[in-house]
Structure formats: structure tokens, C-alpha cells
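Q: Listed here are the chains, written in short residue letters.
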Amino acid sequence: MKKILNSPASYVDEMLEGFTAAHPEFYAQPERRVIARAGGAVKGKVGIVTGGGSGHLPIFTGYVGPGFLDACAIGDVFASPSAEQMASAIRQADGGAGVLRLYGNYGGDVMNFDMAGEMVEMENDIRTTTVLLADDVVSAPKEEAEKRRGVAGMVYAFKIAGAAAETMADLDEVTRVAQKAADACRSIGMALSPCIVPQAGKATFEIGEGEMEMGMGIHGEPGIWRDKLKPADAITDEMIDRIVADHPFGKGDRLSVLVNSLGATPLEELYIMYRRVKARFADMGAEIVMPLVGRYATSMEMTGATITTIALDGELETHLKAPAACAYWRVV
Amino acid sequence: MKKILNSPASYVDEMLEGFTAAHPEFYAQPERRVIARAGGAVKGKVGIVTGGGSGHLPIFTGYVGPGFLDACAIGDVFASPSAEQMASAIRQADGGAGVLRLYGNYGGDVMNFDMAGEMVEMENDIRTTTVLLADDVVSAPKEEAEKRRGVAGMVYAFKIAGAAAETMADLDEVTRVAQKAADACRSIGMALSPCIVPQAGKATFEIGEGEMEMGMGIHGEPGIWRDKLKPADAITDEMIDRIVADHPFGKGDRLSVLVNSLGATPLEELYIMYRRVKARFADMGAEIVMPLVGRYATSMEMTGATITTIALDGELETHLKAPAACAYWRVV
Amino acid sequence: MAGDMIGRDDLAAALLRVAEGTGAVAAELNAADGQLGDGDLGITVSKGFAEAAHTPLPEDIGMALLECAKAFQRVSSSSYGTLVATGFMAAAKAAKGQLGIATDTLPDLVGAARDAMMARGKGNLGDKTVLDSLDAVAGALQGKQPEAMMASALDAARETLAEFKGRPCKLGRARMFAEKSASLDDPGQLAFLRIVEALASRPA
Amino acid sequence: MAGDMIGRDDLAAALLRVAEGTGAVAAELNAADGQLGDGDLGITVSKGFAEAAHTPLPEDIGMALLECAKAFQRVSSSSYGTLVATGFMAAAKAAKGQLGIATDTLPDLVGAARDAMMARGKGNLGDKTVLDSLDAVAGALQGKQPEAMMASALDAARETLAEFKGRPCKLGRARMFAEKSASLDDPGQLAFLRIVEALASRPA
Ligand SMILES: Nc1ncnc2c1ncn2[C@@H]1O[C@H](COP(=O)(O)OP(=O)(O)O)[C@@H](O)[C@H]1O
Ligand SMILES: Nc1ncnc2c1ncn2[C@@H]1O[C@H](COP(=O)(O)OP(=O)(O)O)[C@@H](O)[C@H]1O
Ligand SMILES: [Mg+2]
Ligand SMILES: [Mg+2]
Ligand SMILES: [Mg+2]
Ligand SMILES: [Mg+2]
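Line order of the protein sequences matches chains A, B, C and D.
So for the first sequence, the working numbering puts the first residue at 1; every next one is plus one.
So for the second sequence, the working numbering puts the first residue at 1; every next one is plus one.
So for the third sequence, the working numbering puts the first residue at 1; every next one is plus one.
So for the fourth sequence, the working numbering puts the first residue at 1; every next one is plus one.
One should not assume that every hint holds.
Pairwise CB distance ranges, derived in the manner of DEER restraints [unchecked claim]:
no., chain 1, residue 1, chain 2, residue 2, range
1, D, Gln98, B, Glu118, 18 to 26 Å
2, A, Asp227, C, Pro58, 57 to 65 Å
3, C, Met63, B, Val289, 47 to 55 Å
4, D, Ala182, B, Met168, 51 to 59 Å
5, B, Glu31, A, Pro231, 56 to 64 Å
Honestly, the hints are just simulated from the structure, not real lab data.
We treat Cβ as the ideally placed atom computed from N, Cα and C, and that holds for glycine.
Please build the complete structure, drawing on both the sequences and the hints.
A: The following block contains the structure:
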């Protein structure tokens, strides 16, 4: 196990300790496995919470901050937080104007967040709404789009919903904008080598030397084909083709694109991909606004990359460009 | 070769194309393999150039920007740029107040940068100075400290020298501050698995499953021991012990610390290390200011981490905290 | 079971048996889950029942079942743990205010758990999940004499596994592996069988 | 070599021979460099001489040597390339304004290159680098008749390798591998021998 850790059981808690110690200006851990803004909830502002398994930094905890989220519940590596932790995150995020639960479409997370919502509604009288990210185009066909899993599109949804909440809009309005952002996202991933979940101690999947898997999920969920590694342009082309088959872009359209590393794939290679991404959308006549290239949603040391597009209208673009700050992304 | 690329020969040029396309607000490529600020040289300001091999993003090109560097020459992966390219970067950085060459102590780079300096002095009448980073404590004993190689300490030197230049100080003054920053840095690395140089097509070194190497350099230069992987706290302790043996910290001292991934090692594990780093310096009575945890100087997909300390006095701390912006680090 | 009423102490004894039984098969369940999912099902089930078994239970059987739900929620955040907690909670609501469960209400309690779990997980019968096991057991208990219930439940849980052999999972992580999942037991159905086996391991 | 003067055409012919010769041993030199460094030395040397051989040379032998220096600088950024360029440049400065190099000035030219390369790379004699080869050749050429020079140079380049067997490299990347480097030839010294061999391959 090529990992730097003390013990698998303490991986997440020690990580969170270092995380808050390194960035006290942004993050606090008021309860175990619950990360909140250093300054606490903002009175009168709609709170936004997310949550999910650890092992995806900067997702989830990293996107807590002004212009982004208010609190986050985090589980073991690749495992859902408990409903209790989620309820606690909701309470931390509550500034009296209700709380939006904004997270990825994974069965366990959904069940626990639903339960958490029932808990805080009963116990704390907090009104909550839900927006699920379901942006991975290969995880289910268009007819069953609501079954798709949520991947890096979250990054855009956090930013845009966070900006909407910052305008002091009410819960329904923030929920509407968040849903619109979620609906505008499409993602696809590909992987070259696995990562190791500390408590399992072994690779999440096996993949031959010189092989790649198109469409693989961030926890190693199987993709659509596995074959020998293709050139960067061919890989990028297929990813874009699959995205635009689901959500076409044409002349005059505006979008943002996130070319994201799953962890080990270096920036150098993301830029080789982005070069092609840019050329492809230019060919369609679409303009890329504020592209993101880097490690925004990872699977620890997995090798591979994801591409996410978000179709923008004036409202989404304004929120995307609004000021925001967290330890990983600052818009000024 | 588990890399996303089109051809080894085009790796660097395609990377740079995507790099400038993704961040046009920061970077321009006025000549092949030369990156300059999007806005060009700042008239009357001392220029700062760096350079070195590709494969270390965000180093080197990434740190071009306001409050950081002015231009950069970049070579093939892990190979020096040519003296001609360096001369060209110096010309790009020249705002009429002379140019500081600020880069890592690698034989090839030094020879080429010296030659480049002679070229621009002869041909363009640009006055230049040199400050070398030589922060890797295990690469040579203290008595031969000037032989040490330069690693992640560069990040601090770029930031601090950049801030000094931004005050419109003259070349000698900027050089003095840069040298002071360079002298205040100490670094050490450890590696768990190698990376692949595209043109070589194979791993830069071999290391057994379950093994680590303490003190390894960013190109795979051999370290001081190789043995089975130790727990995170033991690794961190040895790294800090070796740093403080070379540059002690005591009660009331202030420093910044960079816990840096060589590429594949995830943020999660850097935070596990930072947790220990913080505790160790707290034990010494020293205070950590503006810690950096992330991927600031990498070796593509190498697994491993480096720790860098920089001892701060009032002057260095002021420059460290001064506003600056590049695509990877923004201080507001 | 004291005749046709299940009291707090019966429940506690049953939880101990299941905690022991699922502890013994945890590795088997982890392995089954690992074929299609994240391999944590054995941990989820054994930790959940162990926690419930070690929680002091109030006399009110409804409140006792609520404690079971809370115990599961505390220690497990995996789907199965949340579903079991949901099931316990539904039963708790139905049994609240009583000192025991009349055995003839058992089919309805199991049915209530099934329905709550369907609502929680948005699953359907036939998706090849633990829901199918619960449904089969609820049906099998209907109209049975108390002394015949255990055997019927066991049969129903076993038959569910047999019935879904060759059919793909349509829910949860396993959904992603349609082909592979068809040739394997659904880990949640298998876990349910092991739970019922543990319940039956000593006549109550 | 036309008698005791080396003109532009002699230089061009020599560059062609060395380009060819080092092209043929590029893999060997890459491998030698790969043992201790980044394995690019064969590429560096062969590309550099090929570029120089394909560059039109002016008649002024000093300016011709300057073109050689520039050619190396253009195509190679590795240490050896920069050092060779530095050596050519030093020789260029010394020979500037003449139509040929008098063979009796060859020892001084080689010495001038050695000194410039020492200044550039901050290396010392005895560090087990190409500097030692140059120093030995400069010494061996001293006072020799033109027709004996090639053989003396070859001997000196060979003897340098033998002399440093068992001694560690003290400069460049190889410095990091003191122990390993002692048992191996310095790749730069080996490359120098191959260059001289190529020069000698056809009597000029
Ligand atoms: N939404 C759902 N509805 C009903 N049963 C489900 C659902 N999701 C999972 N299951 C059941 O739970 C089992 C897996 O449980 P578990 O290992 O805890 O899931 P995970 O680790 O993926 O959260 C499945 O085999 C299935 O029987
Ligand atoms: N500073 C130096 N001074 C003299 N010779 C050097 C120096 N550095 C390297 N060399 C010579 O160059 C050879 C390596 O050349 P090269 O492969 O081009 O280096 P690198 O790839 O490390 O830049 C060494 O074997 C040595 O003979
Ligand atoms: Mg599971
Ligand atoms: Mg699970
Ligand atoms: Mg070399
Ligand atoms: Mg080299």
C-alpha cells in the first residue's frame, strides 16, 4: 500500500485535523466529521450543505467557504457519512433561512440525507430542500438521467448555488438556481490506474499495463469499454462526443469546462487534453468561459481524468464569476 | 506508459499550448518554450526569470504573474532549456531595470543560464544577477551547502522576490531579498513510486512494493536510505529532524511550511503529514505562518512528498503575505 | 417468545443471537459485497446488531425498536445499515406504546418495514435487493401459527435467493455490474438470510 | 588536414566524420549516461555534431568554430552540449580572423577550450569528467608533429578512461552516485573518446 498514513482507521480523522489546522481561516470542525465555515452560519442566508465519502479532496469539505458551501458531513473513504452527521451539518449551516442539501446521487448518501432532513425538520424545525447532482453521462442512458451518479459537476453547482445564496435569495430561489446548475452539467471520466481505499488495503480495481477504461466512475464503478490506452486527442474526442451527444453545443453558446485529474494524472496531461477540448468547442462555435484545469474532484491517487461541461446562460455565468473563496479556488 | 499524451515528442509543446489557452489572463508564450506575463514586462520594475525542465507544474511556468515572476524558459521534461531560450526569457522579463535569474541549482541549468546572461549582456545590454536555490538538505552536507540541489523552496523564493520587485526596488535590492529568502529555505523529500519521462518511456527509478526512499530528489536522484514504508508520523518526524538539524527553530521563531505532493500523493495524506508538522513546530515553540499544503512543485505522477521550511523575519513575512496572483496561488 | 407475545427481553435475546451469528459470517458477507460493491456489508450488519445488542432497551417495545434503529444509524452509514434502521423505525412506530408485539401482527410489521425501506431507498420489488426478501417473509408469515413462523421465514428467505438466481441487480452499486450481478446472489438478500438463520439458531 | 593548417573544409569534413561516428554510438552513450544520469548523452552529442555538420561554415576559421558553438547551443541544452559549445566558442575566439588553424596551436586551442569549460561548469581537473580528457589531450599534443597528433590524442583519451577506473565522479548528476560511479566510465569521457575515434576513423 503506497500511501502515507498512520493507520487506515485514523486516515479520515487525522486528515481532517490537518485540514483544519492548515486552513483555519476557512474551516472549522465543530463536531467529528462535520466541517463548517470558520465563521459559522451566516444569519439570514440560506445554508448549503453537502456530504459524502472521504477521498475526493478538495470535494467535499474543501468547498466550504464564502461564496461556496456552509457545511459538510464527511464519511470514511468512499463511504457515506451517517444521517446523524448530516443532520449535524445541516444544523451548522442553518442561518434561519432554511438549508439546501446539494450533493451527488449515490444511493447511500441519498438515504442518509433524506433521513437527516427528516431528523432536523422534526427536531430543529429547519426547512430543507434537495438538489442532486447526476452529471455522469455514461452511468445511465438519457431516459434514466435521474439515475446517473454525481461527479465533478458538483464543483460548478457548489460555486453557483453558493453565489445565489450569497445574494440572500430565499430557499426556493437558491434551490431553483442550484437545480438549474445541476441540470446544465455533463461529465464523463476515464481511468488508467486505481487507488487504494485505506481500510480495504488493496486497489479498488485492476487494470492492465497499457490499458484504460472509458467512463469509469470515481469509486471505480465500471465504465463502457476497456482497451489499450489511446492517444490524448482520441480520448478527449470521445469524451466530448459523448457529452455533446447528451447535451449539444452550437454557435454562440457559452459554457465552462472543467478538465479534472482523478489524482495522479499530472497537470501537464490535463493541459494536453484542454488544448483539444478548446479546439473542439471552437469548432462548434461555442465559447469557453472560465475554464478549470486541475484537481477539483479526485479519487486520491487514481490515475485518470474527467471532463465536465456546464452550459451557461447569463444567470449561471454571473453566479459562476461571483467572488468566492475557499482554500482551493478563489474567484476575485 | 500510464500517461495521457499524443506523442512523447510533443508532450511539452502541447502542454504549453493548453496551459496558455486555459489561463490567458496570466500567461503568454511569445516564443516557443518561453512563458511571459500576459501583459508583458512591467516598465521600470526589476524582471525576475526562472527556468528549468518541464514536468514540475506548477513549477516553473505556473509562477509567472503579478507579485511573482515575469518570464520563464522551459525545457523538455526534466531537461534544461537552452541558453537561447533563457536569453529570450530574460529579454521578455526586462522592463529596463535589470533582471534577476532565480532558479534551482542544477548543473545544466546553471551553465545555460550563465551563458544566457553573457548573451543578453553582450547583445541587449541587460544587467542580470543570479540567485540559486539550493534548499535540499540531504543532497550535500552543510559544509558544501552551495552544492545542494534546489527543490520546492523555489516556491517561497518566487513569492518573496516577486513581492520585493513589485515594490519597484532596484536590482541589487531585489537580489538581496531573493538571496535572503533562498538562504532561509530548507527542504527534504521522500518518494514511494516513480514517474515516467515521456521521451524515455519508462520509470525514472524502481522501488519495491511496500518500500520508500528518504531524501530522494525530484528527478529520482538517490536519497539517503531505502527501506520499508514507515508510518506517516515517523516519516514526517525524520524529515523535520533533518531539516531542523540543519536550521534549528526555537521559541518565538516564525516560519512558513510547505507540505508538497510530488504528484500522485493525495491531499488527504499531505494533511495527515501537516497535522504532525504543526505539532512538532508547536513543541519547539515556533509558529507556522501561512502554511502551504498541496501540489506546488511536482514530478508529474511521482508518489511522495516534500517538506520545506522558510525561517521568517519581518521583511520576509511581509513579502510572503503581499498580494500576488497566478493560476495556482493567489494571495489577497 | 413468550407464547404469542414478543417482549423487550425476547427482543434483546434475539439481538444477541443475531449479533453473534452475523459476526461469525461477517467475512462471508464482506466478500459477497466485494464482488459487486465496496465489501463492507459484513461489517455493516455485524456492527449494527452488536451495537443494538449492547444498547439498554426500554420496556415499551416500540421505544425498544427505536433504540435499535438509532443504534444502526450510529455505527453504520452504508446503505444496508440505513435501510435496517429505517425498517426498525417503521416497526417502532407501529408498535409504540405496547409492552410486546403480538405475533399475529408480525406480518404487518415486516410489511411496514418493507414499505418504509422502499420509500427510503426508492427501490421496487423485483430489483433483487433485500426488499424482495422482506416481501417474501411478510407474505410467508401471513396466517401462520407462531410456532411455524420461524421455519416459514427461513424458507422464504432461502427461496428468494433461489428465485433471483440469474437475474441482474437493478439497484444500489451492483446495478452497475448487470451481467456479473446476475450470476451472483444479491449480498443484501444473502445477509438477510444469515440474519434469519441466526434468529432461528436457538428456539426462542 | 592540408599539411600543418586546418581550414574550413577540413573542419567541415571532420564534423561530418564525427556526426557519423557519434550517430553510430549514440545508443551506447545513452546507455552509459543512463547508468548515472538521464541517458541523453548519445542524443546530445550526435544531434549536436549533426547540426554543426549541416551548418554552412564561413571561411574565417574562427567564425566557423563559432557556428559550431551556435549549432550545439541550438539543438542541445544538456550539460555536455553546453560544454562543447563553450569549448568551441573559446577556440573560436582564439582563432578568429584566420583562414586556418596552425596545427602547432592545437594544444593551446584544446587548452583554451578546457579552461573555458572549467569556468562554465565550475569543475576541477580530477572530478572525472570530460575536462580530464581534454586536459590529457592538450598535454599529449604538446610538441608533437602533425602526423603524430591523432594517435597521441587517441592514446590520451583512452588512458584517461583507464586512469579514472575505480574513482568516483565528483561533478554533474553522477556525483549523486559516488559508489556506483566509481565502477563505471564517466559517460562524458567515454563520449570524448568516441569523438576522437570518429575523427581518426579516416586519415584527413
Ligand atoms: N436503494 C436500495 N433499496 C433497497 N435495497 C438496497 C438499496 N441499496 C442497496 N440495497 C441493498 O443493500 C445491499 C448492499 O448494502 P451495502 O453494502 O450496505 O451498500 P453500500 O456499501 O453500497 O452502501 C444490496 O445488496 C441490496 O440488497
Ligand atoms: N559541470 C561540469 N563540468 C565538466 N563536465 C561536466 C559537468 N557536468 C557534466 N559534465 C560532463 O558531462 C557528462 C554528462 O553530460 P550530459 O549527459 O549532457 O549531462 P546532463 O544530461 O546531466 O545535463 C558527464 O559525464 C561529465 O563528463
Ligand atoms: Mg457495501
Ligand atoms: Mg458502503
Ligand atoms: Mg545526461
Ligand atoms: Mg540531460
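Q: Do the beta carbons of C/Met63 and B/Val289 sit within 47 to 55 Å of each other?
A: holds, 54 Å
Q: For the range 18 to 26 Å, tell me whether the beta carbons of D/Gln98 and B/Glu118 fit it or not.
A: holds, 24 Å
Q: Holds or violated: 56 to 64 Å for the Cβ distance of B/Glu31 and A/Pro231?
A: violated, 27 Å
Q: So the hint says 51 to 59 Å: do the beta-carbon atoms of D/Ala182 and B/Met168 match that?
A: holds, 52 Å
Q: So the hint says 57 to 65 Å: do the beta-carbon atoms of A/Asp227 and C/Pro58 match that?
A: holds, 59 Å
The structure is inconsistent with hint 5 alone, although it conforms to all the rest.
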